[in-house]
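A.B. asks: The lines below spell out each chain.
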Amino acid sequence: MSGEQFDRVEALLEEARLTARMPKPAERLRLRQAAGLSRAQVAAAVGVGRQTVANWEDGTTDPQPPGRFKYLRLLEGLAQIHPAAAPAQGPTETAAPSGAPVAGSAVPETAWGPNGLAVQGEPAPCLRCGVTTPYKATDGRSLHPGAMCQSPAAVAPLQAAAVPVPAPVSAPSPAPSPGPAPVPSRPQRRAKSAARAQAETAGLIGQAVHEELERAQGDADAAMKALVKRAIPDVMRLFGETRATARYTYTAYPALPDILTKPSKREPDQIWEARPNFHHPRYSLKNPGSIAVTALDVNAAYLSALKTWLPIGKLEHSTGMDGIDPKRSGVHLITPSPWHHPHLPDPLGDRDQPGPVWVTNATLRLLLRLATPKYGLLDPPVVHESWTSGATENFLDALRKTLTAARETAIAEDDTITLEYIKAMYSKFISTMGESIHNREIMRPDWMHIIHSQAYANLWGKAYKAHQAGLDVIAMMGTDELHVAGDWRQVFPEGRGVAQMKIKHSDAKASGEYTIGTAAR
Amino acid sequence: MAGTSGRWRDLGAFRARGVHGGVALAEGIDRMVTGIESPVDSERGLAARLRYLTASDAGYEAMDRAGIHVRPRTLIAWLAGEQTPSKANLARLDAAYWDLRRCNVVAGLKRRLNNRGRGTRIEIDPVDQSRVQHRHQRDLQTRNINVRGAVWDRAVDAWIAHDTQELEAIWDDIIQSTLGTDWDAYTHVSSIGWAA
Numbered sequence: 005m006s007g008e009q010f011d012r013v014e015a016l017l018e019e020a021r022l023t024a025r026m027p028k029p030a031e032r033l034r035l036r037q038a039a040g041l042s043r044a045q046v047a048a049a050v051g052v053g054r055q056t057v058a059n060w061e062d063g064t065t066d067p068q069p070p071g072r073f074k075y076l077r078l079l080e081g082l083a084q085i086h087p088a089a090a091p092a093q094g095p096t097e098t099a100a101p102s103g104a105p106v107a108g109s110a111v112p113e114t115a116w117g118p119n120g121l122a123v124q125g126e127p128a129p130c131l132r133c134g135v136t137t138p139y140k141a142t143d144g145r146s147l148h149p150g151a152m153c154q155s156p157a158a159v160a161p162l163q164a165a166a167v168p169v170p171a172p173v174s175a176p177s178p179a180p181s182p183g184p185a186p187v188p189s190r191p192q193r194r195a196k197s198a199a200r201a202q203a204e205t206a207g208l209i210g211q212a213v214h215e216e217l218e219r220a221q222g223d224a225d226a227a228m229k230a231l232v233k234r235a236i237p238d239v240m241r242l243f244g245e246t247r248a249t250a251r252y253t254y255t256a257y258p259a260l261p262d263i264l265t266k267p268s269k270r271e272p273d274q275i276w277e278a279r280p281n282f283h284h285p286r287y288s289l290k291n292p293g294s295i296a297v298t299a300l301d302v303n304a305a306y307l308s309a310l311k312t313w314l315p316i317g318k319l320e321h322s323t324g325m326d327g328i329d330p331k332r333s334g335v336h337l338i339t340p341s342p343w344h345h346p347h348l349p350d351p352l353g354d355r356d357q358p359g360p361v362w363v364t365n366a367t368l369r370l371l372l373r374l375a376t377p378k379y380g381l382l383d384p385p386v387v388h389e390s391w392t393s394g395a396t397e398n399f400l401d402a403l404r405k406t407l408t409a410a411r412e413t414a415i416a417e418d419d420t421i422t423l424e425y426i427k428a429m430y431s432k433f434i435s436t437m438g439e440s441i442h443n444r445e446i447m448r449p450d451w452m453h454i455i456h457s458q459a460y461a462n463l464w465g466k467a468y469k470a471h472q473a474g475l476d477v478i479a480m481m482g483t484d485e486l487h488v489a490g491d492w493r494q495v496f497p498e499g500r501g502v503a504q505m506k507i508k509h510s511d512a513k514a515s516g517e518y519t520i521g522t523a524a525r
Numbered sequence: 005m006a007g008t009s010g011r012w013r014d015l016g017a018f019r020a021r022g023v024h025g026g027v028a029l030a031e032g033i034d035r036m037v038t039g040i041e042s043p044v045d046s047e048r049g050l051a052a053r054l055r056y057l058t059a060s061d062a063g064y065e066a067m068d069r070a071g072i073h074v075r076p077r078t079l080i081a082w083l084a085g086e087q088t089p090s091k092a093n094l095a096r097l098d099a100a101y102w103d104l105r106r107c108n109v110v111a112g113l114k115r116r117l118n119n120r121g122r123g124t125r126i127e128i129d130p131v132d133q134s135r136v137q138h139r140h141q142r143d144l145q146t147r148n149i150n151v152r153g154a155v156w157d158r159a160v161d162a163w164i165a166h167d168t169q170e171l172e173a174i175w176d177d178i179i180q181s182t183l184g185t186d187w188d189a190y191t192h193v194s195s196i197g198w199a200a
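Chains as they are written, first to last, in the numbering used here: chain A, 5 to 525; chain B, 5 to 200.
Lysine-lysine pairs mimicking DSS-like chemistry, simulated, CA-CA at most 27 angstroms apart:
hint	chain 1	residue 1	chain 2	residue 2
1	A	233	B	114
2	B	91	A	266
3	A	331	A	318
To spell it out: a stretch of chain B is covered by chain A in this simulated footprint if at least three of its residues, at any positions, have a beta carbon under 8 angstroms from a beta carbon of chain A; those stretches are:
hint	region
4	38-44
5	127-138
6	192-198
Ranges of calculated distance between the beta carbons of each label pair, as one might list FRET restraints:
hint	chain 1	residue 1	chain 2	residue 2	range
7	A	40	B	168	51 to 61 angstroms
8	B	167	A	321	32 to 42 angstroms
9	A	442	B	150	15 to 25 angstroms
10	B	170	A	440	24 to 34 angstroms
11	A	420	B	173	48 to 58 angstroms
12	B	173	A	379	58 to 68 angstroms
13	B	167	A	267	27 to 37 angstroms
14	B	150	A	39	33 to 43 angstroms
15	B	173	A	267	26 to 36 angstroms
16	B	41	A	511	27 to 37 angstroms
Please keep in mind that the hints were generated in silico from the structure rather than gathered at the bench. Glycine residues also receive a C-beta, built at the ideal position from the N, C-alpha and C atoms.
Could you put together the complete structure from these sequences and hints?
C.D. replies: Following this line, the structure appears as structure tokens:
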């Protein structure tokens with residue numbers, strides 16, 4: 005056998021030996037980070053791609069030739085420089101030269117047999133970590149091979165119980181985290197997973213409540229007042245957080261068409277939001293009767309209405325049906341067709357004036373849907389002109405989800421402060437997103453109108469559902485009020501969740517559960 | 005100044021629509037000014053304006069500038085609510101009020117826009133090209149830039165002096181120094197906006 009061949013055999017043996025001692029993925033990551041090396045550096049040295057190294061480190065794949073040998077050699081070397089114990093050690097502990105064999109230099113090396121495998125023997129507690137192992141060190145004591153040990157901090161209690169010989173003399177220091185110590189010179193990874201981002205965003209809400217409670221020294225009323233006061237900047241910040249990795253950049257200050265600009269600060273613009281104010285003509289509160297009516301309240305109607313088609317950019321003008329597109333949204337000038345249904349409210353709200361009217365896309369979508377054969381409730385409206393832009397339904401969805409989840413938690417925990425805070429956040433977000441001096445970070449009156457009319461459209465949907473289930477719709481008012489006669493619990497779940505309905509109690513005569521008579525003819 | 009032969013100089017040649025950035029800048033500063041909300045023809049709005057205008061010498065000067073030349077006795081009657089100004093004088097009072105109000109908020113506007121040296125991030129919406137023939141359309145994005153430094157002081161001074169040329173020059177400075185090579189495309193805009 006020539007020397008060259010022998011070398012190659014030796015190399016193979018060495019590789020096999022290293023492969024047998026291959027550290028776990030987490031350990032590979034720890035070693036590299038402990039040495040302050042970047043993946044790119046390691047990848048260049050080993051001769052593979054950076055992603056390959058990343059895969060090796062998170063366990064997606066195991067090192068394969070041709071890079072494997074070099075990589076394992078590197079890891080072995082790093083393991084000697086940065087043994088598993090070292091990064092988790094506090095300076096006090098390393099400074100105390102006790103009998104505890106924790107420092108890398110104090111631990112004897114693993115004994116390797118001629119077959120390339122680590123020598124085994126009577127199982128005994130490991131020198132380094134204290135966990136029982138059959139592997140032996142060069143001096144005959146038990147030791148985990150390679151750098152397979154956990155840090156002694158993580159197993160400190162175990163060690164105290166199981167190891168009689170190398171009992172640490174120094175007092176146990178407060179246990180540092182067993183994870184890899186952060187390297188201060190390198191920035192944290194910036195990309196966040198969706199779940200983590202959402203948890204962080206939700207954390208902002210709890211943090212604000214906590215802050216204000218502490219500032220008010222437990223005075224709930226004062227804290228609530230302070231929270232309502234800071235609701236607008238806070239919700240804009242939440243909105244910004246949810247937009248952090250978003251696909252679209254919206255236009256916050258678009259040039260507005262005349263119909264959307266207010267003639268003065270007090271006068272409204274020309275958009276009809278289709279706000280309902282419906283009282284069934286066949287029933288009357290004035291005539292005493294025995295028809296039992298329940299006033300129902302939609303929970304957080306505006307919060308749910310955040311899920312709607314919102315125009316992203318500047319609104320552009322178009323005439324006729326050109327502006328109608330499932331992927332576009334804005335405002336439309338329509339002539340609605342007449343509404344003749346005897347029992348259901350007009351989806352266009354209580355509008356007395358006939359003729360063309362500017363409505364939002366949310367209302368138009370409802371009208372067009374009701375004109376389809378599935379409903380067949382009215383003829384489609386005539387669209388004269390539109391101001392629209394490309395739209396998405398998911399624009400405020402992340403914000404809606406975050407607030408809804410926080411609201412649910414607050415209800416479950418009976419946390420009225422957080423509940424009020426969340427209510428202030430979403431309602432003020434919507435009411436100030438137009439031209440408001442209280443919120444200058446966004447100027448989208450079109451969004452405000454669309455969200456409002458989406459809430460009314462959602463309410464109409466509830467009325468329709470009640471009617472389909474055989475209930476009588478007695479009244480439909482405002483954003484969230486629906487009065488029905490009949491067993492409504494069969495139709496709507498009762499509760500405070502966004503998908504549930506609750507009985508509305510107020511000072512008005514027609515609130516809670518009341519009775520009503522039929523109108524005189 | 006920007007090049008005089010730029011294609012974006014003669015806006016409207018291909019039916020693009022927009023206003024000069026300097027104009028939009030002035031409109032943006034205008035939007036920042038708040039004051040008495042009640043209209044001048046309401047009792048409350050008139051009383052508030054008169055009180056504001058008669059509280060200082062600057063107020064009398066503003067009335068002078070607006071062309072209100074009435075005898076002190078009339079002014080006292082207005083203040084006491086015994087007499088209502090004529091329609092023309094109501095309009096002049098309103099103009100005088102807003103004139104004075106603008107002068108008084110100049111320092112506040114500069115402070116808000118400078119934001120302790122951090123400046124203000126502005127959003128620039130490019131010109132409206134929806135009527136431009138497709139082959140003449142240019143790919144323009146909405147841009148967000150941070151404007152800081154002495155620019156805001158100059159802009160507010162030009163705004164209060166109604167100096168359109170200076171505002172246009174300031175706008176050219178802003179876009180030349182912060183936008184890339186296509187800065188010229190943003191000489192005219194459809195709107196700009198900021199939160200300050």
